[in-house]
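Going down the list, the protein sequences come from chains A and B.
Residues in the first sequence are numbered consecutively from 60, following the numbering used here.
Residues in the second sequence are numbered consecutively from 43, following the numbering used here.
Since the hints were derived computationally from the structure, they do not count as laboratory data.
Check each hint, because a few of them may be wrong.
Claimed, not checked - Not the full set, but computed from the structure, chain B residues with beta-carbon under 7 Å of chain A:
#1 P184
#2 R185
#3 G188
#4 L191
#5 D192
#6 A223
#7 R224
#8 G225
No experiment lies behind these values; they were computed from the predicted model shown.
Just so it is clear, CB atoms sit at the ideal spot from N, CA and C, and this is done for glycine as well.
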Amino acid sequence: MERPVPGRHLAGVCAGLAEHLGLNVRYVRWAFLLSCLAGGAGIVAYLFLWALTPQSLGQDLTPGADEAATSRSAGEPVRNLVVGLGLLVVGGVFFAQQQGLNLRLGVLIPLLAVAAGAVLAWSKLDDAERDRWLARDTGSAGRRAGLIRLGIGITLATVGVVVLATQGRGLAGLWDVGIAAVAVLVGAALIAAPWGVRLWTDLRTEQTQRIRETERADIAAHLHDSVLQTLALIQRKAGDPAEVVRLARAQERELRGWLYAGPVGSQASLASAVTAVAHEVEDLRGIPIELVVTGDRTLDPGGTALVRALREALLNAVRHGAAPVSVYVEVGPGVVEAFVRDHGPGFDLADVPQDRFGVRESILGRMRRHGGSAGIRRLEHGTEVSITLPVTAAPDSMAQPDSAAASDSMAQPSSGSPADPPSSPETEGTR
Amino acid sequence: MNAPRHSLTTAIRLVLVDDHRMFRSGVKAELDESMLIVGEAGDVDEAIVVVAATRPDVVLLDVHLPGGNGHGGSDVITGSGSVTTGSGEPVRFLALSVSDAAEDVIAVIRAGARGYVTKTIGGQDLTEAIRRVADGDAVFSPRLAGFVLDAFGAAAGEVAVIDEELDRLSAREREVMRLIARGYQYKEVAKELFISIKTVETHVSSVLRKLQLSSRHELTAWAVGRHLL
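Produce the complete structure using the sequences and hints provided.
This is how it looks when you write it as C-alpha cells:
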C-alpha cells in the first residue's frame with residue numbers, strides 16, 4: 060500500500076487505502092471521519108497508517124496535474140491537518156466537559172502539546188518530504204523552514220513533558236526535576252558519546268570506501284574495455300608488426316585522452332579537427348605522427364579547407380616519406396599556418412607527373428581557392444609542406460598586420476632570404 | 043662554434059631514474075658506449091641518494107615517480123640542488139615522460155630540468171639529447187616548443203621588445219621555437235635561419251631560462267596547480 064500524492068487531502072492515507080482495498084475514496088474518508096468520533100480511533104488509525112505507509116513515487120499522471128498536486132502538497136495538507144486536528148480536539152474536549160466528564164485539562168493540554176510537537180518534529184522524517192527538499196534544492200529557505208518546524212516541535216514537546224512531570228509541584232519542584240533531568244541527560248550523553256562518535260566515523264569510512272570502490276570499478280571497467288582488449292588483440296596479431304604498432308598507438312592515444320583530457324574545445328574547433336585528421340591518418344598507415352597545435356579558433360570553411368589540405372599532405376608524408384612525421388599548426392590572430400614534415404627522400408613538384416592531382420589540386424589548388432597558399436620544400440632530410448591561410452577575424456587582422464606579414468615570410472622560406480617578400484600563391488602553384 | 047666539452051671519447055656519466063625497471067633496461071640497451079651508466083633509482087628518495095653518491099653528468103629523470111613530496115621528478119631536482127660533478131659542473135637533469143600534459147612538463151622544467159623528451163624518442167636522438175644536456179644546453183621536443191609558443195603568447199603574435207624580457211620571447215627565439223615545433227633538428231634550424239648551431243643553442247637556453255624564471259600568468263598558473271609555489 061502506498062500513499063499517492065495527487066488527489067490527496069492530508070497525507071493521502073485514505074486515497075491509498077481506498078486504492079489498496081478497491082473502494083471508493085469517499086467511503087473510506089467518511090469511515091475515517093466517523094471512526095474519529097468513536098473515541099478518536101480514526102485519528103489514531105490515520106496517524107498509524109501515515110507513519111507506516113510510504114508515499115508513492117509513481118508519476119503516472121499528466122504534468123499539469125502533477126505540478127498542481129506538488130504545489131498543493133507543499134503546505135496545504137499540513138495546515139489542513141493542524142487546523143482539523145485542533146478543531147476536533149477542542150470540539151471533543153468541550154463535548155466531554157458538557158457531558159460532565161472531568162478530563163483533567165492539566166494533563167490533557169500538556170499531552171496534546173507533546174503530541175503536536177512530536178508530529179511536527181517527526182514530519183521532518185517523512186521520506187518524501189526530505190526527498191522533495193533535496194530535489195527541489197530550495198536552499199537555505201527550505202532548510203530554515205524545516206529547522207523552524209523542528210525547533211517548534213521540540214519546544215512544544217519539551218514544555219509538555221516538563222509541565223506533565225511537574226504536576227502540582229510549582230517552580231521549586233520544576234527546578235529539582237530540571238536538574239535531575241539535565242544530570243541524567245549529561246550522564247547518558249557521556250556514556251553514549253564514544254559510541255556515537257565511533258558510529259559516525261564508521262559511517263564516514265564506509266562512505267569514502269564506497270566512493271573509492273566506485274571509482275576503482277570505473278577505472279577497471281575502462282581499462283578492461285580499452286587496454287585489456289587491445290592487449291589481447293596485440294597478442295593475437297603478434298606476427299604483424301605494422302598492425303601491432305597501429306593498435307598500440309591507437310590505444311596509447313585513447314588512454315592519453317582519457318587520462319589527460321584537458322579543457323577540450325567544441326567539436327567544431329580547428330585544433331580538434333586537425334587532431335582528428337592526424338589520428339585518422341596515423342591509424343590508416345600505422346606511422347606515428349608528432350602533432351603540435353598552438354592556439355585555436357572556430358572551424359570556418361577556410362579552416363575546413365586547410366584541414367583537408369593538411370590531410371592530403373599527411374597522407375603523402377606517411378605514404379612516400381619516412382618517420383618521424385611532424386605536424387605543426389599555429390593558429391595565430393591573423394593567419395593559420397600548418398607544416399607537415401617527413402624524413403623521406405623528398406621529391407620535387409616538377410618531377411610529379413601532370414596527371415597526379417594529389418599535391419597540385421588537393422593541397423595547392425584548394426588553398427589558393429580559399430585565399431590561402433601552400434608550398435612544398437625539399438629539405439636535406441625529407442620534405443616539408445607548408446600551408447598558410449589568412450584569417451579574417453576583423454579586429455585581430457586589423458590590429459596585427461606586422462605579425463601576419465612576418466609569418467608569411469616564414470611560411471615560404473624557399474623564396475630565398477627571409478627578407479624577400481613572400482612569393483605569391485600563383486607562382487607557388489605553377490611550380 | 044665551440045667544441046663540445048663532452049667529445050665522443052669521454053663517456054658521459056649517467057644516472058637513470060624511472061620506476062619501471064623494464065624501461066630502464068630498455069634505455070640501457072639503446073644507449074651506446076659513450077654513455078656510462080653509474081647508477082639507477084626507482085623512486086624519489088633513492089634517486090636523491092644515488093645522485094648525491096655518484097655525482098653524474100646527467101640524470102635521465104622520469105617525470106612521474108613515487109616517493110618524495112609527491113611531485114615526482116621535480117622533487118628529485120630540488121632534492122639534489124647543490125650536487126656538482128667531479129669537475130664542478132652542476133648535475134644536469136633531462137626529463138623523460140610519457141605524459142604530454144603541459145603541467146607535468148612545465149613543472150619539471152621550472153624545477154630546473156634542462157630539457158624534456160618523450161619516452162618514444164629513438165636511441166640516436168636520446169643519445170644526442172643527453173650529450174647536449176651534458177654540455178649545458180637545453181633540449182626541447184617539438185611538443186615542448188609548442189607549449190612554450192602557447193604559454194608565452196608567441197603563437198598569438200606577442201613578441202618581446204627587448205630580448206631580456208622574461209615574459210615574452212624575442213622574435214628570434216620565436217622563430218627557433220617554431221622550427222623546433224615543426225620537427226627540425228638544431229642543425230636544420232641553424233641552416234634555416236643562417237645562424238650557427240651554437241647560436242641556436244644559445245636561443246634555446248635563453249628560452250629555457252625564461253620558462254624557468256618567468257612569472258607569466260599561464261606558467262605560474264600551471265605551477266600553482268601543481269602546488270609548486
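Does B:A223 pass the interface hint, meaning its C-beta sits closer than 7 Å to a C-beta of chain A? Where the cut-off is 7 Å and the nearest Cβ of chain A is about 4 Å from B:A223, the hint holds.
Using the nearest Cβ pair, does B:P184 come within less than 7 Å of chain A? This interface hint holds because 5 Å falls under the 7 Å limit.
Hint check: is the beta carbon of B:G188 less than 7 Å from a beta carbon of chain A? Holds - the Cβ of B:G188 comes within 7 Å of chain A, reaching about 4 Å at its closest.
So, as I understand it, the hint says B:R185 touches chain A; can you test that by seeing if any CB pair is closer than 7 Å? Cβ of B:R185 sits 5 Å from chain A, so the hint holds.
Using 7 Å as the Cβ threshold, decide whether B:G225 counts as touching chain A. 3 Å, holds
Taking the closest Cβ pair, is B:L191 under 7 Å from chain A? Holds - the Cβ of B:L191 comes within 7 Å of chain A, reaching about 5 Å at its closest.
Would the stated hint for B:D192 survive a check requiring a Cβ distance to chain A of less than 7 Å? 4 Å, holds
Let's test the interface hint: is any C-beta of chain A closer than 7 Å to that of B:R224? 4 Å, holds
When held up to the earlier numbered hints, the structure conflicts with none and fits them all.
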